[in-house]
Each structure stands twice: as structure tokens, then as C-alpha cells.
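J.: Taken in order, these protein sequences are the chains called A, B and C. Counting in this note's numbering, the first sequence runs from 1 upward without gaps. Counting in this note's numbering, the second sequence runs from 431 upward without gaps. Counting in this note's numbering, the third sequence runs from 861 upward without gaps.
Treat the hints as calculated values from the structure; they're not laboratory data. Glycine residues also receive a C-beta, built at the ideal position from the N, C-alpha and C atoms. Some clues are possibly wrong.
[Claimed, not checked] Straight-line distance between alpha carbons at most 27 Å, and here's what the computed DSSO-like set of lysine-lysine pairs gives: (1) A:Lys115 x C:Lys1091; (2) C:Lys1065 x A:Lys115; (3) B:Lys635 x C:Lys975.
[What the hints assert, rightly or not] Here chain B is said to cover these stretches of chain A; the calculated rule only asks that three of the stretch's residues, wherever they fall, bring their Cβ under 8 Å from a Cβ of chain B: (4) 170-182; (5) 321-330; (6) 345-351; (7) 360-370.
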Amino acid sequence: MLSREDNELLTRIGPGTPMGELMRRYWLPALLSSEIPTPDCPPIRVRLLGEDLLAFRDTRGAVGLLEAACPHRGASLFFGRNEDCGLRCVYHGWKFDVSGQCVEMPNEPAESDFKHKVRAVAYPCQERNGVVWTYLGPAELQPGFPELEWATVPPEQSYGSKRLQECNWAQAMEGGIDSSHISFLHRDKDRDDPTLTRKGSAATKYITGDGAPQFEIVPTEYGMLIGARRKAEEDSHYWRITQWIFPWYTMIPAAGDIPIGGHAWVPIDDEHTWTWSFNWHPSRPFSDEELSTMQAGMGIHCELIPGTFRPVRNKSNDYGIDRDWQASGRSFTGIKGLSEQDAGIQESMGPIFDRSRERLGSTDAAIIQARRRLLTAASDLQKGIDPPALDPAGYRVRSAGLLLPRSAYNWPELARERVQAIPGVFTASA
Amino acid sequence: MLSREDNELLTRIGPGTPMGELMRRYWLPALLSSEIPTPDCPPIRVRLLGEDLLAFRDTRGAVGLLEAACPHRGASLFFGRNEDCGLRCVYHGWKFDVSGQCVEMPNEPAESDFKHKVRAVAYPCQERNGVVWTYLGPAELQPGFPELEWATVPPEQSYGSKRLQECNWAQAMEGGIDSSHISFLHRDKDRDDPTLTRKGSAATKYITGDGAPQFEIVPTEYGMLIGARRKAEEDSHYWRITQWIFPWYTMIPAAGDIPIGGHAWVPIDDEHTWTWSFNWHPSRPFSDEELSTMQAGMGIHCELIPGTFRPVRNKSNDYGIDRDWQASGRSFTGIKGLSEQDAGIQESMGPIFDRSRERLGSTDAAIIQARRRLLTAASDLQKGIDPPALDPAGYRVRSAGLLLPRSAYNWPELARERVQAIPGVFTASA
Amino acid sequence: MLSREDNELLTRIGPGTPMGELMRRYWLPALLSSEIPTPDCPPIRVRLLGEDLLAFRDTRGAVGLLEAACPHRGASLFFGRNEDCGLRCVYHGWKFDVSGQCVEMPNEPAESDFKHKVRAVAYPCQERNGVVWTYLGPAELQPGFPELEWATVPPEQSYGSKRLQECNWAQAMEGGIDSSHISFLHRDKDRDDPTLTRKGSAATKYITGDGAPQFEIVPTEYGMLIGARRKAEEDSHYWRITQWIFPWYTMIPAAGDIPIGGHAWVPIDDEHTWTWSFNWHPSRPFSDEELSTMQAGMGIHCELIPGTFRPVRNKSNDYGIDRDWQASGRSFTGIKGLSEQDAGIQESMGPIFDRSRERLGSTDAAIIQARRRLLTAASDLQKGIDPPALDPAGYRVRSAGLLLPRSAYNWPELARERVQAIPGVFTASA
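Please build the complete structure, drawing on both the sequences and the hints.
T.: In C-alpha cells, the structure reads:
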């Protein structure tokens, strides 16, 4: 439970809010490179942390991310001309380069130097494995790029997608932290997806068989390491070990030699979220089957309405719930797709969930700690204390599933190597 | 005219408002039994008095009405599994019975007693003649079930329907109290509906012939008895005698051996209302013609968009107004259907009508008194004074139309027997 | 740049606001006569300056403009019966004539004189060349009808249309004042419209060739005369001379013997505007080609969704922007139609543009002055000082394009006759 004040603090992320200020200290995935595929292609609208922006790729291929409103009289640069290394407003021809500098102002007298004084707000961009990242914070405080494994492996080993989620970021991310819901929400007896824990596998048996995992949490500099212990065989426990990383990353262990997964829950504004889903394999390219599965919106990805990032099964159609399928017990929810199940339940909590009314149980321990860490960091930042997790190397982690003897008590020690993202080195999880 | 303050007091009905508190002391029709037709059928969304609820029918057939949000982390139980005498949240498997008690909590350790401490808000339900009723007030103050005639006659003598109305409850109910508008709004020369005052009948002649009825009002414990006196034959008056009953019931007299009618104007929230329409015959089953007419959405019922409770002719299509028909004079409004005529005119007053701007006339006397009674009762309740009309037997009334000599001055006395709902006893109205 | 306070003052126009009070002192174009084509035709909804009204044409052909809500209990007179020189509410039959007087009240006793005490708010109307004008201010302060040339020439020399614009009036009007954007926003190499400056004409060459006109502004009683000077031939300047007239009129010069143009930017409410476009020829009827061009929604008019005043190319479809056409350079915007280009860019500034964030340049001089004049007039009115431009004769102006020697410094003097609207006298512009 949070007080209403803390709930506001956690959920509001617009310019000037404490949580918004905290988030602006980190790099974030902003769009897919494929949304602006070629030099001088049309600009696209991008909304992040409550700010309306435009992304474009200039003549040299550099990506620009500018405030949407022309600094002159506020016309949207969306209608602009992307030409000759800059975006030109169609109202009076003012032109801006990717740095935001006004480079042409053709409706001013030739002798005017007004253009040198005008800059559009612009954010730096970097591309990694088909994703454009940006940093919305103060230029002088820009950290190094976070060395997340999915962003650093060779391109043929990484796949990322995004989907629109119609609720606040925090309740979405909490679903990603909460490793206990998978025993229920995602229980589909017929699912056998090559990018997910396979049907009939031991891991599936353990997850289905023990819905009340014991949680143990290790705070770390980057966030926390979460161990969820389930009964496995008579003498063993199945440990599902995941990370929560500042400010919005969660990870998913693979079982067997399949891709690892992760999410970034990036606020569009207070009531909308980009849910990014990443798969990567540390040591080999994806198989054709894996790749086509991900591209089809299966696994942890999502089937989207063509030309949009809105899921086919969404709030407006109750996520396509099939009550007969649900009643049959083959699917716990009657909703097709892991992402849709997550989105459905997270969005059903309302646009911004009121945490003053919740009743948390023992499996919510990790959520409680993540909130505390975020609230503390946001509050600290207001006092001038730098945020945690600004070290790029801190992001070199991956999740894992381990079968350990019941007698083992030091799982963080036993899992140490398995949760490090060592380039090219991979041991398949239990 | 009401002050803006009194208008707010009259119209706002959410949790914690004075009028909302008053309404929560009465039973109310909540949904049709046919919306949850069978044991373990899917739950449905129900919104009442500004509260989001879910109705479901459990394995034994009992009806549950729970808050929509799971007490755990607020996921909607709409997506839940209705199984084994309870509704189970698909997020983590928490399960609640119709009383709101948490009966299973499978993601907690087996030894935990947390589930005993968790209850969902649940409201008691009763079914009467195909309608599920509920009571949203404090359990210790729950009154007996109101003995409305339509709820107590044998099922084959009663028919109820509901429709969505896109405005505040009070302006809708005022339309039901106001017995003078029928001379205008509902004047359709070609209508001849077997469940309504028939074309060519004396009553129709009187109603059409005298649009300025004289109102006389008798306050009663349950609300008030309203006499509307119209000129009839040379030596007689036609008295149309109706009731307004706390807090939202209005009644309609029949003319001849046809069903009596009544409405309940139940707030969904401040800007939406369930308009319930009931027909019943005190002493005989409906004829096939009567029943099929009601089922077709004629009479006082409404033609609905299939699968919804939204009228086919609604605000978004100007209620299908046919200007040629209107101009011809065959229909006063050009709108088909009594319900649609009422809804159209009531919704046209805006989502919440501002009564500080109205100019009331002599035919609004009953409306003025009903408002005063409601405002006084709401205000009294805040001071700890119990609401009126909590006696179940007080609801045993029915409306009637009487032809009385012009010399008669004591109509309440002359009509006494005719407005009592004596089981099985019925004298056809004039 | 405006302070947020001044921006509010400029943009808010509802009843009781200073700018709204100012606007209510002027006549305004309210609807097309063709919207209420015949006596006793159905009434139509009209929203102006934040007020919900109904227009109807009575049996004698007189136009009435009444508040939409019946004074009785607020039902909308939209559903009313237009009959026998009055609009009759279908709820209880109250009837109002074009002056707003209640003339019948059939649900009151015959001896009642209540109807004499009840008036609906009604505004006076006048028709000019197919447009119904009204005055929303205090009756005792009603000025004479503004003698705008398009409203006073013979009907076959005038054409007016309106379109819905989804933004505040002020940013729309500023687009009309700003004569510098035409060098950019409206640059379409293939356009050759008989009602616009022709392709290949000298004026088109000058406008395209010099995107940085020098502005000189002459304040006048009616508003201001704006001279935009562009380089023309070696020894000449092209002067585009336009007017801004209190409180919302802008004018457009013709080049050659083609119709002159003008706009009225009339607020529907704070976030919606009726953009009126007028063409007229001072001395001859339109040619068939001119008329059919205007009727087709070309020139300064707009292609509308049939049965509505909403443009076919509108905000919801990004104004049909064709990115290939834009990239080709044949069209600067890729948007078809001058009106759609204007609407697109003006609406892209948001529902109400925040002028505290703008960076004005030298070509915005006329906009700056118009704002000042409006803010001063609104502020003065609050102090009891009468508004400017109430003299009907002050509106007898028209815009013009002149080719003047580079040495000419007294353009207002040289253009004096050309910018006067002398009936029947016309010299084609450069």
C-alpha cells in the first residue's frame, strides 16, 4: 500500500515532476529504427515522458528528436519537409538540424542573425540493434550508454518490439517485476512457443505446480536481484532469478537454449506506456523459427494492428477474451498471447492505479522494494543526490532459471556467474 | 428553480454525497437475471451510483455483486474465472465468494491465513420476476424488500426492461413525475399499442383535449400521490392519479384492462441512468399480443441495439427524428416510441440540467414537491434522521385513471381502493 | 510573445470574458441562409461565442436565433416544431416567436398570464448575400450593419462559405493576418485556380521569389492597413496591401481581374472556430468558371464532407498529406488546398496556442499589433470605453496588390483609392 501522495509521486512523470526528473537522467528506448527507415523520410510523432516530439532521419542518416512545435509560432514540425540535413517548417520555412539549431530562416531579411539565436529543444539519439535511444535530461549530466546485453550483442542475436499500453507505467512495470503471476495469468495448457519455456518442460511443471513461490531479494547498485523459489523435484528447488533495473527494466529467464527476454516500461505520459519487449541470445543468432515467431508477435511480443503499435487484442475489445476457452480450463484467461494477458490485467487496474486501496501479499515483496527504491531515488534527486545505476557497466546482467538443492541457502552466490552478461558466454537455464 | 447548491445536492449521487448516501438506504433494481443466465456464466460489468461492480451467478445459482477491482492489486475481476462457487482473479488466482470473502489465495504459502483477512466489497442480491435487486448501504441498516406490485405478482404477469439514458437521474425522473407532458410529447395520432392507452379511447380524447391539467398533490409516507385533473365529459373530470415513491419510482395508470406501468430511474453515475420500465397486470397473465409488444421494445419499453442496453434511436442519431412526419402533424415530435421521446427530451437538457435557469409553471407542482422531499431527506440523513419509505408495505400502490363528477372534491378518498395494490384484485381504469 | 495572462485574455471568448464581451459588440456572420432554406423548415443547431443557439426561419421567412434550451425546463428547442410563426417546444408545447417572446403556453390554465413573462434569449438577425448575420450584444448598444463590400455588392458578385476549424479563433486569424506565410505554406507549383493569383503571373513570381517581405503597418480606426513589400522587377516593389478589421476580419488581394477575398474568423467556442471565406467582385458577376470553382471548395474555400461543414481533409486524417508529392517539391506541404494548408498548420498549434513560448520575427509585426489592439480594446471596454470600429462605413475597404517604384515611400497615399471599396469601381491589382 502506498499513501496517495506516494502514489502520485510514483506515477506522475511529466516535466518538472520528481519521478519525471529522475527518469530524465537515464537513456531510454524511444522508437524503432524502422519507423524512420531512410534518410530524408517523413518525420514521425513521438511522445515520451509527457513531451510531444518528432523523430526524423536526416540526409546523412543521423537521427533527430525535436520538440514537435516550431519555436516560431508553434506550428507542428510533423508537417515539415525533411530535406538537406534538416527539418523545415512548412509555415514560414524555418529549418532545424538534428541538434535543434535553426539553420535557415527564409522569411527574415538576409542580414538578420535571428536564426542563430533560435534553437528547438533537441535530444541526443543513439541507435542500437534497430532501436533509437534518447536521453531527455540535462546535457551536462548525460551518462554513458547502458550496456544492456540486448543492445550490445550482434544484431542477428537481438530482437525488439514495442506496443502501446493504455495505463500508467508503474502498474505495468510491477507486472514485470512480479514473477508469481506467471503460475496463473499465463497458464495455457496448449501453448508451445519456441521462444518461451516449452510445454512439457520441467520448468513449466515447476511453475504450474507451485503458485506460491518464496521470494528473496538482494538489493544491488543497478536495482535488485530477485530470487523466486519454487518446489521442483523432491530434493531440489527451482529458482527463477530475475532483475529489476533502474528505472524501468525487468528481465525474464529462459529455460533451455532459447532466447532470454526483457522489458522496458517507458512512459509515454501518465496514462500511456511504451512496453518494449526484447529477446536476445548471448551466444548464437536466432533460428529462423525463433525469428519468425517473434516477428509474428508471439512469445513475449504482441500482434499489432498493421501500421500502428496498438495491439489487435486490446482494451476496446476486452483483449478478445474467449469465455469458452477460459471455461474449458485450457487457458486460465481465455485471452490469447502473453503480452495481451499482461496488458489486459494491467490496464484493467485503471489508467492510474490507486495503491492506497491494495492488499499486498508475500509474493509482492519485490514490488514493494522497487517502489521504495524509486521513491527514495526521486526524493534524493530533489535534494541534489545523484541517481543510482548511472554506470553503463552495471547493466551487464541477465536472468536465469536454476535447479538447486533444497539445502542451498546461498543462491545469489551460486547464481553469480549465470546472471552476469558475459559476451558470448551462455549456459542454458534449467 | 433550485439554487446551484441545491441542484448539486439533488443530482450528485456518488459515494459520500448526501443524495448518494440517501439512495444507498434503499433496494434498487440492478440488472436483469437474463444477463447472468446460468450458474458459472461469465461475470458482467455493472455500474451503480458511481461504483464499478461485477455481477456473477455462482455454481449454486446465487448471485454475487462485487466491487470490480480485486482487493489484491486492483486487477478487474471481469476477466476472472467463475468456478466452484466463486469468482477467481486471473492475475494470481485469488478467489471470492458471493459474500465477498476471499476463499482461496493460491500464491500465498499454504500456512498463511491472509485470505481470512481479505474481503471484497459485496452487496446482497435478491431476484424478483427476472430482475436482480441489490442494496448498497450499510449492512446493519438493510431494510425489507420493497413490496412493489410488479415485483410480487406471479412472473407471467410482470415484465421489466432497462435502457441506458445519457443524463442525470433527476431530470429523467422528473419527466416521469410530470404527467402533463403526455398531452404534447407523446401525441402520436397513429399509435395504437395494446399496452398503452388505446387510440380512440375516451382517455386519449381527454388527454389530448386538455393539455393544462390541474394538479393536486397529497404527501404520503412513501412519497406522494399526484392527481392530474382534466376536463372529460360535460359533467365529469378525468383524474389521472399517479405516485412518486422514494427515491426514484414513478407510476403510470392504465386505461382499460391493460397492464399498469412504472419506472425506476436508477443512477449509473452522475451523468448516466438506468431507466427501468415495468409493466404488470394485477390479476391475469399477459396476453401473447401484450407480451410480444413489450418484448419488441414498444409500449413504455424501448428498441435496443442488440447485445446492449443502448437504444437504437439515441442521442448520437437525434433519436431518428423524422422531420416530415413531425411536420405532417401525425407525430408531435417525429420521434418513434414513447421511451425515445422521453429520453430525447430529457437528454436534450444536458448531462446535468442546471435548475437555476428554469421557469416552472403550474403543472410542475409535483416536481417541485418531489425535489423538496428528496433534498429534505438527504439533509435529514446527514443529521442522523432515518429516511422515509423504508417500510416494505408502503410500496403496495398502483396508479389509476378515474372519471369523477365535476362536483367531486375528495378524489383521494374516492380513489383510495383503486390506488392500493391488493393482490389479485383489479378494476380497469377509465 | 504574450504573458500567459494576456494569452488567456486574447483567446477566451465565452459569456462574461473580456474578449467575449468585446466581440459581442459587433455583428457576426452566423450561418448560411441555405441552412434554413424555407419557411417553417427544421431548426438547426448554431454554436457561437460559447453559446448554444438554434436558428429557424418562421412562416413569414423571418430568421430567429434563440437559446437552444427552452426557458421552461431546459429541453432543447432543436426537437421543436417550427410552425405558425414560432418554434414550439415538444415537451409541453410552449411556443416562442423570433423575438424570443413566449406566445403560447398550452399547459397553463387559459386564464394564466405566465406566458407574457417568459422570454427566450433571442438575437436579431439580418441576411446579406446568402449569409445570416447576428448580434449577440446588449440590444441598446446594437451598431449599424458593417458595410463590408462582400455583403453589399449584388448577390451574383459575392460568394461565401464556412468551414469548421478545430482550434482557437486567434491563432486562426493570425494566419490570416500573416501575409508572409504565402511564400511558403501555399507554394504549389501546379496550382492554377481561376479565383487565385494565377500560375505564371508576375505576382506569383514576386511572392515566390521574395519570402522575406518588409512589413509596414498603418493603424486605422477599423483596425490596420498592412503593407508587405517584396522585391519585384529591378526598379519596382510589389506591395501586397491587406486589412485587418476589428475584431476578426482579414482580407486578401486579388492579382488581375479576379475576385477579391476575405475571411471572418468567428469563434464557435474557445477551441473551435467558424472560418468564413468570402469572394466578391466589385464590378461584375462571377464567371461560370469562377463560381463553379468556389462551389467545388477550391480557391480560398474548402472541400467539405457532404452534409457537414467539416473539411474532407482534416485533423483526423492529417489533412490528407501526400508525402511523395511534398518530397517532389511540387507542393511545399503535400496538402491539397489553400484552406486545408491553413487549417492544418493552424490546428497543429494545439487547441489553444500558448503564446508565452513563441519566438516572433520581423514578419510577425502585424500580428503583434493586432493582438495589442484587441487586448487594449477588451481592457478598455471593461473600463467603460466603447470599442473601435462600430461605424458601419468604416468597413468599406478592400485589399490590393500594387507595383510601385522602389523610390516610393508613401505607399498608403499611393494606394489610397485602391483600398477603398467604392461601389462598382474596380482597378485590377498587379
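J.: Verify this for me: three or more residues of the region 321-330 of chain A with a beta carbon less than 8 Å from a beta carbon of chain B.
T.: Check passed, 4 qualifying residues.
J.: What's the verdict on lysine 635 of chain B and lysine 975 of chain C, does the C-alpha distance respect the 27 Å limit or exceed it?
T.: holds, 25 Å
J.: Could you grab the alpha-carbon distance between lysine 1065 of chain C and lysine 115 of chain A and see if it respects the 27 Å cut-off?
T.: holds, 26 Å
J.: Need the status of pair lysine 115 of chain A, lysine 1091 of chain C: alpha-carbon distance at most 27 Å?
T.: Holds: lysine 115 of chain A and lysine 1091 of chain C sit about 22 Å apart, inside 27 Å.
J.: Taking a Cβ-Cβ distance under 8 Å as contact, does the region 345-351 of chain A have three or more residues in contact with chain B?
T.: holds (count 5)
J.: Are at least 3 residues of the region 360-370 of chain A within less than 8 Å of chain B when you compare beta carbons?
T.: holds (count 5)
J.: Are at least 3 residues of the region 170-182 of chain A within less than 8 Å of chain B when you compare beta carbons?
T.: holds (count 4)
In summary, the structure agrees with every hint in the numbered list given earlier.
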